[in-house]
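Visitor: One-letter residues, chain by chain:
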Amino acid sequence: MELGGNGGFHGYRRLPQNSSAGTKAPEISMELPPQMNQTTNTNSVTDDTECTVREQDRFMPIANVIRIMRKILPPHAKISDDAKETIQECVSEFIGFITSEANDRCQREQRKTITAEDVLWAMSKLGFDDYIEPLTLYLHRYREYDGGERGSLAGEPLVKRAVDPGTYGFMTFPPVPFPMAPHHGFFGAPPMNGFLKDPSNAGPSQAAVAGIDPSPHCKEQV
Amino acid sequence: MKRAGTYSGILSGGISGRTGPHLLPLARIKKIMKKSSDDVKMISGEAPIVFSKACELLIEEITKRAWNITVQGKRRTICKEDVASAVITTDTFDFLVNLVLDSANSQDSPRP
Chain A
1 MELGGNGGFH GYRRLPQNSS AGTKAPEISM ELPPQMNQTT NTNSVTDDTE
51 CTVREQDRFM PIANVIRIMR KILPPHAKIS DDAKETIQEC VSEFIGFITS
101 EANDRCQREQ RKTITAEDVL WAMSKLGFDD YIEPLTLYLH RYREYDGGER
151 GSLAGEPLVK RAVDPGTYGF MTFPPVPFPM APHHGFFGAP PMNGFLKDPS
201 NAGPSQAAVA GIDPSPHCKE QV
Chain B
1 MKRAGTYSGI LSGGISGRTG PHLLPLARIK KIMKKSSDDV KMISGEAPIV
51 FSKACELLIE EITKRAWNIT VQGKRRTICK EDVASAVITT DTFDFLVNLV
101 LDSANSQDSP RP
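In order, the protein sequence lines correspond to chains A and B.
With the first letter of the first sequence counted as 1, position 62 gets the number 62 in full-length UniProt numbering; the numbers rise by one all the way through.
With the first letter of the second sequence counted as 1, position 63 gets the number 63 in full-length UniProt numbering; the numbers rise by one all the way through.
A portion of the hints provided could be inaccurate.
As the list claims (entries may be wrong) - Stretches of chain B that chain A covers, calculated by requiring three or more beta carbons in the stretch to come under 8 Å of a beta carbon on chain A: (1) 28-41; (2) 49-55; (3) 72-85; (4) 89-101.
To be verified - Covered by chain B, according to a simulated footprint, are these stretches of chain A (three or more residues, beta-carbon under 8 Å): (5) 57-66; (6) 70-83; (7) 90-101; (8) 108-119.
Said to hold, decoys possible - Computed from the model, here is a short list of chain A residues facing chain B with C-beta under 7 Å: (9) 127; (10) 131; (11) 135; (12) 139.
It is worth saying that the hints were derived from the structure and are not from the lab.
Even for Gly, the Cβ is constructed at its ideal location relative to N, Cα and C.
Model the full assembly from the supplied sequences, consistent with the hints where possible.
Guide: Listed below in structure tokens is the structure:
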């Protein structure tokens with residue numbers, strides 16, 4: 001594959017440790033477009049050399065970085081390629097810097113997992129106090145968004161009885177208006193594993209009523 | 001549990017190259033976090049999300065400062081030196097000083 005000398009293709013950027021920068025370092029994959037920001041490109045050669053990490057993996061995708069920069073710059077502003085790359089490197093350095101501090105704290109407190117709080121604490125300690133408030137807001141909004149999604153599922157009064165929320169994922173039928181009258185026997189077939197804990201349920205299998213396809217493994221009270 | 005589609009979409013950043021609601025890919029952030037030191041073991045799901053926003057704020061701040069320097073020099077193109085100056089003149093960016101000076105020193109690495 002042709003190696004382009006294209007200045008915009010940042011895949012060939014020199015790695016600081018690499019002294020023989022002129023050679024084609026085999027561990028740098030050349031085929032991936034800069035836009036690729038997935039983890040799918042993980043076929044790096046793991047030779048245990050210091051350059052085994054591919055360039056794309058060490059930095060944020062440059063397109064994303066540029067997008068963020070342009071958001072706040074006036075439209076006529078231009079950015080040189082090496083400025084973009086420098087900022088790209090700064091971001092990675094920032095992540096490493098904060099993570100180290102957060103990790104130290106975790107180790108001191110004998111915890112294994114770096115949490116969002118650790119990250120925020122580290123940022124505050126290292127002088128990024130101004131970031132804390134917007135980040136905290138962002139995190140709360142994210143938690144609400146995510147918790148709200150879960151909440152809408154879990155809170156759904158699909159079955160107005162004691163429902164085991166653990167098996168909620170199985171609820172495939174729509175909120176059919178079950179009569180809920182105990183003697184109806186409408187819940188003859190609790191769809192999943194005792195999902196419907198209706199003790200008065202004594203009717204025959206009425207699984208078809210709600211359009212439920214009873215799982216083959218569900219044998220209870222059927 | 002979280003709804004699989006949403007969360008994994010956020011984590012993976014979208015198959016089509018979009019990064020979902022976050023501007024920076026979470027998986028990449030996680031990778032960089034892991035490489036920062038050998039003994040980083042586990043990372044909660046929210047930590048990359050905080051970083052995604054934090055990196056955005058960092059990029060904005062450096063860019064703004066660099067642009068001010070560009071404007072002072074009556075130019076319209078932010079160059080690497082502007083970024084370096086922005087870093088050097090900001091206390092909280094002390095950890096970046098070596099990086100920007102280093103990249104200035106190894107300017108002569110040839111591109112193939």
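Visitor: For a quick check of understanding: which of the numbered hints are violated here, in increasing order?
Guide: none
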